[in-house]
Amino acid sequence: MAREVIAYIIHKEGIADDTAIEMISAAHKIDPDAKLIALVAGSGPQLDTVCNQIAASFQEVWKIDNEALAYPDAELIRPILTGILPSGSIVLFPNNTFGMDLTPGLSIKLDTAYLADVVDFEGIEKGKLKTVRQEYSGQVSTHVLCDISKGIIITVRPGAFKADESKTFNGSIIDKTNEAFQEGIPRVARRFLEIVEAEVGEVDITKSEILISVGRGIEDEDNLEIVFDLAEALGGDVSCSRPIVDAKWMEKSRQVGTSGQTVKPKVYIALGISGSFQHLGGIKGAPFIVAVNKNPKAPIFQIADVGVVQDLLDFIPELTDKINEIKG
Amino acid sequence: MEILVCVKRVPDTSENEIEVNSDGTDIERGDLVYSVNEWDNYAVEEAIQIRDKIGGSITVVSVGDDDAEEVIRREMAMGADRGILLSDKVFEGADGRAIASIIKAEVDKGKYDLILTGAQADDGAGQVGGMLAAMLDWPYASLVNYLEVIDNQKIKVGREIEGGNQEIHEINLPCVLSIQTGINEPRYVGIRGIRKVASAELPIHGAKELGISPEAVGHTGAKVQKVDYFVPDLGEGAEILEGSTDEIVEQLVELLKSKGGIK
Ligand SMILES: Cc1cc2nc3c(=O)[nH]c(=O)nc-3n(C[C@H](O)[C@H](O)[C@H](O)COP(=O)(O)OP(=O)(O)OC[C@H]3O[C@@H](n4cnc5c(N)ncnc54)[C@H](O)[C@@H]3O)c2cc1C
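If you read the sequences in order, they're chains A and B.
For the first sequence, our numbering gives the first residue as 25, with consecutive numbering after it.
For the second sequence, our numbering gives the first residue as 1479, with consecutive numbering after it.
One or more of the hints may lead you astray.
[Said to hold, decoys possible] Pairs of lysine-lysine residues, derived as DSS-like cross-links and limited to a Cα-Cα distance of at most 27 Å, are as follows:
id	chain 1	residue 1	chain 2	residue 2
1	B	K1634	A	K133
2	B	K1589	A	K276
3	A	K321	A	K290
[Unchecked claim] Part of the chain B face toward chain A, derived, beta carbon under 8 Å:
id	residue
4	S1492
5	I1496
6	G1574
7	G1604
8	A1611
9	V1627
10	I1628
11	R1637
12	E1640
13	N1643
14	E1648
15	I1649
16	L1688
17	L1733
18	K1737
Since the hints were derived computationally from the structure, they do not count as laboratory data.
Glycine is no exception: its CB is placed at the ideal position from the N, C-alpha and C atoms.
Taking the hints into account, I'd like the entire structure generated from these sequences.
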């Protein structure tokens, strides 16, 4: 019998998240012959829309439909999944804020192995799954061998696997609702109340064509001036990485990344930013990326088009002067 | 409120270039500067603010070797009431699950209302808090960037989700939370503060004190095992501009002009 790989599908307003089809290529890297099963929880017509969409890419779709699941609350979904996931399964989740909330505890409840934020798979050898992870914000990678004899829960990094729509199936949709709610709606000790939307700020960096983005390498709030001077010379806007917002040096609406804004400029200049995946996750539309960083091994240089290995505190004023000089 | 905060000593990535050692078994640890994991500082600060508002006490715990004592003392200097080091030869090679079970054994010896961890540490896994909660059968919330104590039965938390939006929950005590950066502004710890706690009592609990069987933790108990470190070959990467600063500036200005980077 083919090995089964189950992928948990994140969806919103009737549309499956990009990670749904990324997990297909992830699953094929685990085992090219694996049978792919999508697991989709939610409620009502929007859930059906997602299931129909996903059935084209998966051999089987397991649907769990209940009003209580209208908002995906990890504390509620965990006991439900504990009840329906077959023992010994390989189950994939995206490493997003939902996956992070749900999965470590799920692995304990199912008594399986656990691995978070996997960026690549290198197949199964002698019953062990070989995976690739990163440590130290992407500065080094590691191979991790996983004992999957009792199953494993894995979160995969969004964007790390290519979306795979090469194979089309007419997957059967199997309603697992009754099985999932055999014992009624689980009683949970955490109750979801509401979503508070992020505040809108003075500049809308999502509309900027030129972004001058500053990170922890700026070292001191007073140094921000040289960044704003450069932005003015270039006619661009200033954005930043998360530590700048955490330090309260800039407002949250200027933060680029998964927990900030998604930007799509033509040119992105990263100053003293290491290039964590959470930061890069907010840069879309393949801009021309320039990175200035004093560490030649900073991961940002792997994705930038052009790099300058220098101390930004010295380099930026020189660059600004030159631009002002040409502009006259 | 009795609060336990879990902290980890990690290489400081803003101070170090992390490199793989010559045989790929580890990172080069020779000249590394270590500090307390960035996220953990926010967790300790949050605990201090809660205690100062409603009373109670804070225990800081770390699983590690003797060197971890230094970060526990730092967090005591910040304002935690006591520290415990969970250390034993047999803990070496522990995976996330083993770390959680070691901490669970310590939790079982005390009486806590709230356990805080950082949202993640140097390995980016963010797993110990969620596993610990499941082992204790307590509710869990990750990525907490807002916390309000309602009464001695429940608290209100905000989880930071995609786009910087916030998911608000009410959660019963006792519970485990992982704390996201930005929830507060961790206080500064001076040399004097650290000196003050230098000789404070700091018990060390090993497998025996915790009643943990060595097979369950460490290398033998691990279901996931790191086999090597390497630097991935990710293709070309950036074209690094070379020359004097003047020359680099010239080249960069030309490139920016051609790509529409100057308005
Ligand atoms: C759930 C979650 C969500 C997150 N969301 C986001 C997000 O939306 N956006 C985001 O940015 N981060 C996010 N993060 C944080 C992320 O993991 C990193 O911690 C963060 O991006 C690091 O920011 P940085 O690159 O500015 O700092 P660091 O990683 O500390 O890098 C600083 C860089 O500056 C360089 N440098 C230092 N001094 C100089 C100098 N004088 N000249 C030149 N270079 C110098 C250093 O070599 C280093 O590469 C999130 C984390 C989590 C867990």
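Going through the hints against the structure:
The hinted pair formed by K1634 (chain B) and K133 (chain A) meets the criterion: a straight-line CA distance of about 25 Å does not exceed 27 Å. Among the hinted pairs, K1589 (chain B) with K276 (chain A) is inconsistent with the structure: their alpha-carbon atoms are about 38 Å apart, more than 27 Å. With a C-alpha separation of about 25 Å, the suggested pair K321 (chain A) and K290 (chain A) falls inside the 27 Å cut-off, and the hint holds. At about 6 Å, the closest approach between the beta carbon of S1492 (chain B) and any beta carbon in chain A falls short of 8 Å, and the interface hint on this residue holds.
Among the interface hints, the one on I1496 (chain B) holds; its C-beta lies about 4 Å from the nearest C-beta in chain A, closer than the 8 Å criterion. The beta carbon of G1574 (chain B) is positioned within 8 Å of a beta carbon in chain A (closest approach about 7 Å), and the interface hint is therefore held. Here the hint on G1604 (chain B) is kept, as its CB sits about 5 Å from the closest CB of chain A, short of 8 Å. For A1611 (chain B), the shortest C-beta to C-beta distance to chain A is roughly 6 Å, which falls under 8 Å, so the interface hint holds.
Because the smallest distance between the Cβ of V1627 (chain B) and any Cβ of chain A comes to about 15 Å, over 8 Å, the interface hint for this residue is violated. Interface restraint check: I1628 (chain B) against chain A, minimum CB-CB distance 12 Å, threshold 8 Å, status violated. For R1637 (chain B), the suggested interface contact is upheld, since its CB lies about 7 Å from the closest CB of chain A, less than 8 Å. A distance limit of 8 Å between C-beta atoms decides the matter here; for E1640 (chain B) the minimum to chain A is near 6 Å, and the interface restraint holds.
Residue-level restraint check for N1643 (chain B) holds (minimum Cβ-Cβ distance to chain A is 5 Å; threshold 8 Å). With a least beta-carbon distance of about 5 Å to chain A, the hint placing E1648 (chain B) at the interface is held under the 8 Å criterion. This hint holds: I1649 (chain B) has a C-beta 4 Å from the nearest C-beta of chain A, less than the 8 Å allowed. Hint status for L1688 (chain B) relative to chain A: violated, with the closest Cβ pair at about 18 Å, above 8 Å.
Against a cut-off of 8 Å between C-beta atoms, the interface hint on L1733 (chain B) holds, since the closest Cβ of chain A lies about 6 Å away. Taken as an interface hint, K1737 (chain B) checks out: its beta carbon lies about 4 Å from the nearest beta carbon of chain A, inside 8 Å.
In summary, the structure is inconsistent with hints 2, 9, 10, 16 from the numbered list given earlier, while agreeing with the others.
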